[in-house]
Every structure is written in C-alpha cells, then in structure tokens.
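There are 2 protein chains.
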Amino acid sequence: MAAQSQAPAVLVVAGTHGNERNAPWLLQHWQRRPSALASSGMAIELVLGNPAAHQANLRYLERDLNRSFQPELLAGDGQPTCAEVERARELVARFGPQGERPCLVALDLHSTTSAMGNALVVYGRRPTDLALAAALQARLGLPIYLHEADPSQSGFLVECWPCGLVIEVGPVPQGLIQAPICRQTQLALEVSLALLAEIRSGDLKLPQRVVVHRHLGSLDLPRTPEGTPLACLHPLRQHRDWQPLRPGDPLFLDPSGGTLSYQPPAWLEDGLADGPVVPVFINEAAYGEKGIALSLTERLVWSVQPGWGDALKALAVQLAAAAERGAPL
Amino acid sequence: MAAQSQAPAVLVVAGTHGNERNAPWLLQHWQRRPSALASSGMAIELVLGNPAAHQANLRYLERDLNRSFQPELLAGDGQPTCAEVERARELVARFGPQGERPCLVALDLHSTTSAMGNALVVYGRRPTDLALAAALQARLGLPIYLHEADPSQSGFLVECWPCGLVIEVGPVPQGLIQAPICRQTQLALEVSLALLAEIRSGDLKLPQRVVVHRHLGSLDLPRTPEGTPLACLHPLRQHRDWQPLRPGDPLFLDPSGGTLSYQPPAWLEDGLADGPVVPVFINEAAYGEKGIALSLTERLVWSVQPGWGDALKALAVQLAAAAERGAPL
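As you go down the protein sequences, you meet chains L and A in turn.
Quick note on the numbering used here: the first sequence kicks off at 10 and runs consecutively.
Quick note on the numbering used here: the second sequence kicks off at 10 and runs consecutively.
It cannot be assumed that every hint is accurate.
Which copy is meant is left open, because identical chains are indistinguishable; a pair holds if it fits in one copy or across any two.
To be verified - Below, simulated SDA-like cross-link-like pairs (lysine to any residue); rule was C-alpha separation at most 20 Å, straight line: (1) 322 / 247; (2) 299 / 64; (3) 322 / 88; (4) 299 / 67; (5) 299 / 34; (6) 322 / 162; (7) 214 / 103; (8) 299 / 157.
Bear in mind the hints are in silico, worked out from the structure with no lab data behind them.
For reference, chain L alone in the conformation it holds in the complex (with noise of 0.2 Å):
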C-alpha cells in the first residue's frame, strides 16, 4: 500500500482536547482499517493529540494543548513545566518539519459545541494554509475562519507545521459520539487529502475567490464583578453561526427574560460600527473559563492571490521529496 512505503509527510490529529470525541473514534476506526480512509495516496500519520487528556475525557489537564505550541513554550527547555507542553513539544520533536518522522501538513480535527457545521479555521495568512482553505471551500463549501491578531489565544499546533488548518464540525456536546459529525469530519478530512495530492502532482487549479470571515474580537457575556453571568445567549442567536448580526440584534437574554441586544463595543473598527458582524463559535462550551461567548468576525471576499500558486508549487516540491524519500526506519 502506497502509505505504507512513504515517509509520512500528512500529520492527522485528532483528539487535541481530550473531550472531543468524534475524531479520536474515528481515528481508532482507521488504525483498524487504514483503507476505511479515502487517503488520495497521501503517507498520513494518524496521532491522538492529547492523550491523557483524551483517557481523562478532559479538555486538557493542565493547560489547553491547543495554546501551547508558542515558540517560548517549545524552546524553554530545563524549566519547570506541564503535561500540554511536553505534549506539544514530544509532537514538534517527532512529527514537527524537523522532527523524527517529519510532515509538512498538519490537519487538526475538533469539535465544538457551536453550531459550526463543518468549517476550517486559519492561523494567520499564511499562503499555503489560505489556498489549500480556498481549495476546500471551492470543493465542499466550507465556511473558513481566519483567526489572526488575538493575542489573548495563540500557540495553535498547527502553526507549528509549515502548511495546517483546523477542521471543526459542530454542534456536539462534549464527551459525545454522533454519527453526522463523525461523516462530516470524514469528508472535510478525505477531500482535504485528494486536494493535497492534487498540489503533489501539480495538477490542482486554484479558485478565483475565496470568502473569508476574519477574526475582529470576541464578547463575553454580561457578568457580576465575582465572575456570575448576568445573561446567557439569547435564543434568536443561539446556532446562528456564521449569521449577520447587527446592531440592535438580541443578543444575551437575562434571567427575568430581558432581552440584551448587540452594541458594537468600542475596540470595532472603524466602518464596522455600523454594519453587520459576523459571529462564530457562539457559546461553545469550552470557552467560557475563556472569557469568550462569541466571537465576532468580518466577512470578506478575497481574490486568490498568485503568491498562493506559488506557495503551493514550493509545497508540491516538498511532498513529491517526501514521497520520494520512503518510509525512515
């Protein structure tokens, strides 16, 4: 089997916070049956993300493994630290672009208590993550997140890999199976893998445009000085992902039944004040302890820019080596 004979060069994750539990069952399932995964050809590596968190059935132990991938972290060597960073460093040191068995894509796969519906989230503009996002959304559709410029959360594991994306499908509960996020992430995961054989053999045509909704900030619910939410998510917002919301829109619902509705907070940039926002990850559950109810993002459409062709080219080098190169010891 072709996979079998290549040196890994697609890094599969699934499993980052330990209560997720779609994609680490899948996984189980194609470690069983590799060919139950539509690999397109590509050498994976399949890899649960975090896995004493995934046996707890716990976000994380310690900290968010998906928040401790900053170089700070990863280079702090001798000082006193967590599991989540050691876990972030033994996967940069053994799959990481210099690692033992070395990958250039990383595709992280999560779930989220947000009606997402099957998305991709993009750290940064990166030319190689942004046209391999408009190439799935010019094949599936996806909504893409772009999450840049927050300094409140960084360290994604995926920024640690040359070329990566997110893959999140929801709505789910926490610590839940349910077969129509399990399909979904399937799709996202295979056609994510047919597209990156195409950039290999040369042969994948970029769309023109691609829509993008970037990360503006996020709200928190109304809360007393001790931390006590005042008011939840307002039923008409409740799994209205990726729906316009305006000013004036109800938007948090308070114990007695009034309505709080959206004002543009201050930090909005100017010309955004007055239009449409567009939310995402609206009251995901692990947010909360984040200070986060939703967040807010603007919608854009970008042409696709000839640099990402060229990004892609250079990553097509890359993985025709890598396939060249067989499978280390």
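For this one, chain L is given, so just place chain A on it according to the hints.
This is chain A only, laid out in the frame that chain L set:
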C-alpha cells in the same frame, strides 16, 4: 415574605452533577432575587448539590453523587470514604426529614445531552412521588420515566426524602447554559411548587390516569473486548427519546456506514420482545462510562390509585405542620 417565616418544606437541588450548569445558574439568580421564582408560598431551601464538582465543572470528583445515597454508604460512619459520600451525608444531615432544617420534598434539577425534553424521573413506586408526577403530567404534559428494579443504578438523592422527583431537561451539552433549557427547568419547578401548595391546602385534584415509562433495562454500544465502541447511535435514533423502537429499526451505525438494527435483548420480559419499547436517555454523554447507550422502557397507562390520594393527604398534614412551625434559628 412567606418563605422567610416558615420552616423549609421543599428542598430544591441544582448541580447534583457539577457539569450540568443550567439549574445552578438559575439557583444563583433565585438566591439574588427570591421573587424571580414563583414559589406559590412554599418555603424552599435552595441548595447547590455538589459545589466542589460544580467548581471543577465535572460531573463528580470521585463518584457520582446521584448514586451515593445508598443507606449502607450513608450509614458507614468512620470508614474511609470520598468527597461525594461525605456530601451525601451532609445533605441528609442538613436537609433530610430528620435533619437540621428538615425538608419533606426534594426536587432535583438535572439536564442531559439526550433529547428528553422537559421530563420527570421517579425512582420506584412511592405513592407520593407518583401522585406528584401524575399531577405535573396533567398540568404540563411532562413524560414520566419510572426507574426501578435496576441494581446497577441505585442510591439516588431524592430517595432519601419522603417525596422526591428529578426534573430532567435536554438536550443540552455539558458545561453549557442555554436559555430554553433554563426556561423549561424554571417552568417545571414553578408548577411543582404550585402543586405542592395545592397539596398542602387540600385543593389538588389528581387526574384519573397517568402515563409512565417503566424502566426495563439498558443497552450499551457494541464494543471491542477492550471496550472501544464498534458503532455509534444511528442518526435515525439520535434525539428520538420517547419514540417507539421496534425490532428491525436502525439502532447503531458502524464507522463504515453499516446499520445495526435493534434486536430485542435476551433479558427482555416475555410479551415485550415482539412489540415496541420506548427508549430514553439516548446517547447521554455521562452514561458512556456506565455502559448505557440508551435505556428501554415500557409505556404504561395507569389508573391513579386511591392510595396515592391518601398519601398526598398525609403529606398535606406534614406540609401544613411544617408551615406552622415557623423557621428555626
């Protein structure tokens, strides 16, 4: 205010499971603003069931508090124990019928990832429980799950009070507050308190019939010998709590897309194997570790028994006596 001049009569517990967040959030609201809960003049005691687990946002720390009210656990003084057994003893010592602030009725507010809607759970066939549940069903149409005769699941909180019900609302992910879940919880609690006030005054008229769903047993997912699930809930069964399941109906889906149909288990009682059973708690996230993918029930229409009314009259006498005693220091 009436509630402050009386001894407590009704114990309202929220957060018996620490990752069920809706009722505890309401509880904080009611504590801040007692008028926000229409308590119909009943003196109530509002208690967070498992504060340590709530703080940690975990169902429990060491063992399920709502399986820790077995007489032998409660009685075993001096023996090594755990946080939840200690908490069970504390709740009984403080609010049990012979406690410091004796309560006669316990209403335990839960949520679930299953699509149970707004539902009642009754443990065993105590006449007062069945009478109160029948009255709630007549008023709000709530379905009733009669849990009994399951030695693997015992030690429920409400069993330690002379009368007690679980109000179970779902679906909602663990760790998450959703406005409709709160609304349903508050509605069921307010009507319960109104009915208890009617019971106390002798005004309550019981309906002639009640529909109960009698627990028969539970089914687990098919698993490998190591415990890995070989299939998940079939999407045609997910969120179909309370809807009949017939032999041959799709029940599980394996990750290759193969359907496993429902076949009546060998333990099913004679006469129930050929007809429909009614599943409840389908794909509840917390029940995976208990080996429960869904529970099967038999739908029964019962005539309300004269003994239930007699039990309510006895409860009315006790409630009236409690109201006259006034609040202890």
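Each hint tested on the structure:
no., hint, in the structure
1, 322 / 247, "neither (42 Å within a copy, 45 Å between copies)"
2, 299 / 64, "between (23 Å within a copy, 15 Å between copies)"
3, 322 / 88, "neither (40 Å within a copy, 69 Å between copies)"
4, 299 / 67, "both (16 Å within a copy, 17 Å between copies)"
5, 299 / 34, "between (27 Å within a copy, 18 Å between copies)"
6, 322 / 162, "neither (31 Å within a copy, 60 Å between copies)"
7, 214 / 103, "neither (32 Å within a copy, 71 Å between copies)"
8, 299 / 157, "within (17 Å within a copy, 42 Å between copies)"
Hint violations for this structure: numbers 1, 3, 6 and 7, all remaining hints satisfied.
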